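For the record, the sequence lines run as chains A and B. For what it's worth, our numbering labels the leading residue of the first sequence as 1, then goes sequentially. For what it's worth, our numbering labels the leading residue of the second sequence as 1001, then goes sequentially.
The hints are simulated quantities; they were obtained by calculation from the structure and are not laboratory data. Everything numeric in this text was worked out from a predicted model, so none of it was measured. Beta carbons: idealized from backbone N, C-alpha and C, even for Gly. Accuracy of the hints is not assured; some may be wrong.
[As the list claims (entries may be wrong)] Sample of chain B residues at the chain A side, in silico, Cβ under 7 Å: (1) Pro1070; (2) Ala1088; (3) Gly1100.
[As the list claims (entries may be wrong)] Sample of chain B residues lacking proximity to chain A, with all beta carbon distances greater than 12 Å (derived): (4) Arg1009; (5) Arg1015; (6) Pro1074.
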Amino acid sequence: AQSVTQLDSQVPVFEEAPVELRCNYSSSVSVYLFWYVQYPNQGLQLLLKYLSGSTLVKGINGFEAEFNKSQTSFHLRKPSVHISDTAEYFCAVSDQGAQKLVFGQGTRLTINP
Amino acid sequence: NAGVMQNPRHLVRRRGQEARLRCSPMKGHSHVYWYRQLPEEGLKFMVYLQKENIIDESGMPKERFSAEFPKEGPSILRIQQVVRGDSAAYFCASSDTGLGNQPQHFGDGTRLSIL
């Protein structure tokens, strides 16, 4: 069965510093990869997705992620974070041909002034 | 608001009661997914429905839980005889094609508390 591991449960960073949130998935078959952000008491909002093609994908709010097939990773990065980026971030994967998303445990990003 | 609408936002039930959670998908979407988020955990898939059909219920508990998506009206997740362990946030998502490469759009969730 497909699984997703987010290696850090919490990541504290200072404002304007760069950040990387790590995500690894288990499947060796072709997959689609997603990053979602969840603000307190809200649903999930799509940040970006990898379907095929270029391994570097750009999303909203200045975030980007790189798909690495050999390492089965899809790490999320932002070169300079803002206070407003404080939220929970979820990596998710779906197998081609399957509709359901498998989520990681989430990474809580805290931005300190 | 053309987004995914869930209601109620908060629901309190006593042990043994029934909980009904509603989800109206985005306009034009006919594929609905339900996920459960336990405290401090990620979302876990429960069920995938298309109008009037359950497509995948592999994540649904075998007892007390059921889901429907009628031809008219919202999708309903029903939990009978609730227990404390059912306390969680329940999220609904929708998509237009049901294909894995189409992003799912999420509602704000229903937070279920069992007394």
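For each hint, the structure was consulted:
The beta carbon of proline 1070/B is not positioned within 7 Å of any beta carbon in chain A (closest approach about 20 Å), and the interface hint is therefore violated. For alanine 1088/B, the interface hint is violated, since its Cβ never comes within 7 Å of a Cβ in chain A; the closest pair sits about 14 Å apart. Hint on glycine 1100/B holds. Least Cβ distance to chain A is approximately 4 Å, under the 7 Å limit. Residue placement check: arginine 1009/B does not keep its beta carbon more than 12 Å from all beta carbons of chain A (closest about 8 Å).
Under the 12 Å C-beta cut-off, the non-interface status given to arginine 1015/B relative to chain A holds; the minimum distance is some 25 Å. Distance check for proline 1074/B against chain A: the nearest CB is about 16 Å away, which clears 12 Å, and the non-interface claim stands.
Hint check: violations occur at hints 1, 2, 4; the rest are consistent with the structure.
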